[in-house]
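Peer 1: Given next are the chains, with one letter for each unit.
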Amino acid sequence: MSDIFPKWTNKLPAMVIAGGLLVGGVVTAGVTYYLTPKYARVGYTPVQPVAFSHAIHADQLGLDCRYCHNGVEKSWYSNVPAASTCMNCHNQVLKDDPRLALVRESAATGKPVPWVQIHKTPDYVYFNHSVHVNRGVSCVHCHGPVNKMDEVRHSQSLGMAFCLECHRDPAAKIRPNDQVYNLDWQAPEGFAQKEGAKLVKDWNVHPGESCSVCHR
Amino acid sequence: MRYFFAFLLGLALLSLTVFGIAGRRGTDFRKPPLEIFDDMVRQDKLRPQVPNAFFNDGRSSQPHVAGTIAQRIGNVNNDTWQASAKNTGIKPGSTNWVETIPVPVTTALLARGRERYNISCLPCHGASADGNGITKKIGAMAVVANLHDQRIAKLPDGELFQVISQGRNLMQGYGANIDVNDRWAIVAYLRALQRARLATLEEVPAADRASLK
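So the sequences go chain by chain: D and S.
Those letters in the first sequence? Residues 1 to 216, by our numbering.
Those letters in the second sequence? Residues 1 to 213, by our numbering.
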């Protein structure tokens, strides 16, 4: 009669524990690495219906962000410009170019250009653009160097850890109000400790870290 | 023990496969991000400027119903529809332009005007309003007005306001993009630019004169 439990079964508990730990470790590592906007959203570069280049308009031509996103200082969301704003120039520039057909149609009929939204926080996040841009938080902090992008690419995670990093230490990122739309601005050495801290104090910036600051 | 090694090998292969397919963080991709259990993340509510099937035209942001006006914008009463001098640049009850800016012209208004001018006007008319903006430089626009031209400098303030609001010739109106107050701020700043162009050396403070030579 053979053994019911052959000799190798002595090692079975050890193998089960080791195997379990390994599987657990690999799964945890995978979830930590993949199930986060750092993986899921960063790098998103959809093909847009009109090949609009921020690099040409904002960097080469030097248009201010607010020429097109003209509601950003007053509104909680930064508006995509109306097609009529595009036509301010494109009624003369590239007037009959087929690449702008959708924009001309939109301006003429009111049918929206089907732009693809790239930066999308969850619907339970209430991010307010105006309060940030009016208090020294630049576009570049959340959207990356858009003025250098031919196609806009999701460049920051916009996850909660990302928001809190700044909310816990606003002086580190704050800048003078007249540099908010200058995406190339670099803080001089020691700016955060002196001028940054002063701006936070003068403007009474209390970003808040409680849930209801952003969630409601 | 053999089985255990086989298991380890399997786990390693599986991890490599997942990594091989899913790739690293931050690589560019075209397809919309995958959202699992998204019923709280994407709620059935209207968000601005996104497609929404609720309305016939598929827009979440609806244009005004024809013939109606907003009574309030945010928390502020909307009086921009009233036919006042401030809203039209025309003296009420007449067809005459208002000669001077109908809001108090302060240093703050001029500063605001400079900021707004640099956002919306500078691309074509240039920083000093001489019509040498970037669009002229790259040859994109056939004609850009030099705002120091006598015929423009002599326009009443109300007419300048009206041109900003409704446009003129090839220039489209900016009424939809720039607030009423900001349009008057731009008029004020433009007047400052025009005045500065006409200044004589005697008007420059003595201390600064040397720097001009």
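The set of hints was computed from the structure by calculation and includes no laboratory data.
Each hint should be verified, as a subset may be incorrect.
[To be verified] Under the rule of at most 30 Å between Cα atoms (straight-line distance), these lysine-lysine pairs were calculated in the BS3-like manner: (1) Lys137/S / Lys38/D; (2) Lys74/D / Lys154/S; (3) Lys137/S / Lys95/D; (4) Lys148/D / Lys45/S; (5) Lys111/D / Lys91/S; (6) Lys38/D / Lys7/D.
[Said to hold, decoys possible] To give an idea of the interface, some chain D residues facing chain S are shown, with a C-beta separation under 10 Å as derived from the structure: (7) Ser2; (8) Ile4; (9) Phe5; (10) Thr36; (11) Tyr44; (12) Pro49; (13) Val50; (14) Asn88; (15) Lys148; (16) Phe162; (17) Leu164; (18) His167; (19) Glu189; (20) Phe191; (21) Gln193; (22) Lys194.
Fair warning: this is a prediction, and the values are worked out from it, not measured in the lab.
Where a beta carbon is used, it is the ideal one built from N, C-alpha and C, also for glycine.
Peer 1: Give a verdict on every hint.
Peer 2: So, going through the hints one by one against the coordinates:
no. : hint               : in the structure
1   : Lys137/S / Lys38/D : violated (42 Å)
2   : Lys74/D / Lys154/S : violated (34 Å)
3   : Lys137/S / Lys95/D : holds (18 Å)
4   : Lys148/D / Lys45/S : violated (34 Å)
5   : Lys111/D / Lys91/S : violated (37 Å)
6   : Lys38/D / Lys7/D   : violated (48 Å)
7   : Ser2               : violated (18 Å)
8   : Ile4               : violated (18 Å)
9   : Phe5               : violated (16 Å)
10  : Thr36              : holds (8 Å)
11  : Tyr44              : holds (6 Å)
12  : Pro49              : violated (12 Å)
13  : Val50              : violated (15 Å)
14  : Asn88              : holds (5 Å)
15  : Lys148             : violated (15 Å)
16  : Phe162             : violated (13 Å)
17  : Leu164             : violated (19 Å)
18  : His167             : violated (21 Å)
19  : Glu189             : violated (28 Å)
20  : Phe191             : violated (22 Å)
21  : Gln193             : violated (28 Å)
22  : Lys194             : violated (25 Å)
Hints 1, 2, 4, 5, 6, 7, 8, 9, 12, 13, 15, 16, 17, 18, 19, 20, 21 and 22, counting from the list given before, are not met by this structure.
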